[in-house]
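Engineer: Heads up: the sequence lines are chains X and Y, in that order.
So for the first sequence, this note's numbering puts the first residue at 698; every next one is plus one.
So for the second sequence, this note's numbering puts the first residue at 138; every next one is plus one.
It should be emphasised that the hints constitute simulated quantities derived from the structure, not laboratory data.
Computed list of lysine-lysine pairs in DSBU-like fashion (alpha-carbon distance at most 30 Å, straight line):
#: 1; chain 1: X; residue 1: LYS742; chain 2: Y; residue 2: LYS186
#: 2; chain 1: Y; residue 1: LYS274; chain 2: X; residue 2: LYS701
#: 3; chain 1: Y; residue 1: LYS288; chain 2: Y; residue 2: LYS139
Here are the simulated distance ranges between beta carbons:
#: 4; chain 1: Y; residue 1: PHE268; chain 2: X; residue 2: MET724; range: 38 to 48 Å
#: 5; chain 1: X; residue 1: ALA706; chain 2: Y; residue 2: LYS274; range: 24 to 34 Å
#: 6; chain 1: Y; residue 1: PRO276; chain 2: X; residue 2: VAL785; range: 54 to 64 Å
#: 7; chain 1: Y; residue 1: GLY318; chain 2: X; residue 2: ALA702; range: 47 to 57 Å
#: 8; chain 1: Y; residue 1: PHE268; chain 2: X; residue 2: ALA763; range: 44 to 54 Å
#: 9; chain 1: Y; residue 1: THR191; chain 2: X; residue 2: VAL785; range: 14 to 24 Å
Note that the Cβ used here is the ideal one computed from N, Cα and C, for glycine as well.
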Amino acid sequence: MNWKATELARTALFVLVLASMIALPLMQLSSGADRFGWRMFSQVKPLPTFTVVDSTGSESIIDPAAYTANLRGDVDYGKALPPHLCLVVPDVVTVEVVTQNMEVVYDC
Amino acid sequence: MKRLRHLVSERTSVRLPALLRIALGVIAVARGLEAYRILSPLALPTVVKIPYVTWMPAPTDLAILSIVIVWLTAGITFAIGYRTQISGTLLTFAMAAGLLIDQQGYSNHLYLLTILVGLLTLSRPGGAWSFDLRRMKEPVTSLLWPLVLMKVQISVVYFFAAFTKLHEEYLTGRVLAGQLGGLVVLPEQLRVPRILMVLAISSVVVEAFLAVYLWHPEKRFMAVGAGVLLHGVIPFVMQPFLQLTVFSSMMLSSYLLFIPRRAARRQVIAPDGIARLVRRLDVLQVMSVVRGESVSTERDGRSAVDWQAATAIADELPAMYLIAPFLRLPGIRTWGSRALRGHGVTGGPKPNH
Numbered sequence: 698m699n700w701k702a703t704e705l706a707r708t709a710l711f712v713l714v715l716a717s718m719i720a721l722p723l724m725q726l727s728s729g730a731d732r733f734g735w736r737m738f739s740q741v742k743p744l745p746t747f748t749v750v751d752s753t754g755s756e757s758i759i760d761p762a763a764y765t766a767n768l769r770g771d772v773d774y775g776k777a778l779p780p781h782l783c784l785v786v787p788d789v790v791t792v793e794v795v796t797q798n799m800e801v802v803y804d805c
Numbered sequence: 138m139k140r141l142r143h144l145v146s147e148r149t150s151v152r153l154p155a156l157l158r159i160a161l162g163v164i165a166v167a168r169g170l171e172a173y174r175i176l177s178p179l180a181l182p183t184v185v186k187i188p189y190v191t192w193m194p195a196p197t198d199l200a201i202l203s204i205v206i207v208w209l210t211a212g213i214t215f216a217i218g219y220r221t222q223i224s225g226t227l228l229t230f231a232m233a234a235g236l237l238i239d240q241q242g243y244s245n246h247l248y249l250l251t252i253l254v255g256l257l258t259l260s261r262p263g264g265a266w267s268f269d270l271r272r273m274k275e276p277v278t279s280l281l282w283p284l285v286l287m288k289v290q291i292s293v294v295y296f297f298a299a300f301t302k303l304h305e306e307y308l309t310g311r312v313l314a315g316q317l318g319g320l321v322v323l324p325e326q327l328r329v330p331r332i333l334m335v336l337a338i339s340s341v342v343v344e345a346f347l348a349v350y351l352w353h354p355e356k357r358f359m360a361v362g363a364g365v366l367l368h369g370v371i372p373f374v375m376q377p378f379l380q381l382t383v384f385s386s387m388m389l390s391s392y393l394l395f396i397p398r399r400a401a402r403r404q405v406i407a408p409d410g411i412a413r414l415v416r417r418l419d420v421l422q423v424m425s426v427v428r429g430e431s432v433s434t435e436r437d438g439r440s441a442v443d444w445q446a447a448t449a450i451a452d453e454l455p456a457m458y459l460i461a462p463f464l465r466l467p468g469i470r471t472w473g474s475r476a477l478r479g480h481g482v483t484g485g486p487k488p489n490h
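Just chain X, same shape as in the assembly:
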């Protein structure tokens, strides 16, 4: 059975796409990742609350929507936003992040 080059290429692509269609969501599922796994509307992840403290000790609660492009439950804003707030909020000294389970204070 002699295969033409186009048949081989198409077969390889078919098998590769089919395998990744199934393997990728399985891998994402087992690792608990939220993206690329078709985990749609299956969980609610409340956003953390962010409080910034300035050099006078005054606290203000931050609206994350003002510092994000598209608020999504599958993005870890608790990790990404505090360093950014340190850069863009004037006179900020610390950022307090409160999630459901814990409270973390980032020193700027």
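With chain X fixed as given, assemble chain Y onto it according to the hints.
Structural biologist: Relative to chain X, chain Y alone:
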């Protein structure tokens, strides 16, 4: 191996890929407009950038604008079938760029749309209802295997959507309670735990059912009906409306892939007016229509008459496939049978199952 070789070489009518090209092209353009709204804030210095990899440069105004312009232009040219292969490739890459430029650009429906447009492009969908047709010297066909992969992808999405909901928090309705709140707000009396639990379990059952039964030749209409109800409701009771409308339109358009395209066409016998209507609506050319006194249909040894035949025919007409499942509901069935008789259509032979 022999079957795989046959599958990758098999060609099919270009009409279904062409119809999907128009549908997905239009959907991609709508999503492209939304992409600009989502991505453009990334160029602001006050907005956080969350790249997938640290070495990725921060998105600039120019980069975002370029992605969206390519996305919209390629979406339009893909839909009208102008330089279809180039348009489809550019559209796939532009959507992938929008998806990967920042973690905040991700959405499951955009990821799915990118895969579907990419696969559809591989099938060569420019051979019908297109500008490219003017440049083609001989009739062309499409490759079947990318369409098979598109069907598998639809099932995979439904399967994982159902599977990832199999946990207590979702099945008790608590997750749903936090997500309801779109254009239509459910009355307080319906937002009680017992009803939310029933809705949650139903959604899992429907998604699992769709993953399997879209492939079933006889039960496909039930899956299509369930899908219409699911995707018809979701954009109105959840948010964001436009993105969920894009998702619903994409899924419902993709159901066209599951209409059987076999060598043996559906045989349709119908009175003159109905026969002409069916011929006009059979844009996928999956039927052989002849004039007769009654409405009847047959394929693969399965036949149907009267309203049952009308619904089986409607299942395979792109203009009617989404309403066809509901034509079987008791009241509509009775009305339809009467209407056929009222137009002088007499009963045909008994169905042969």
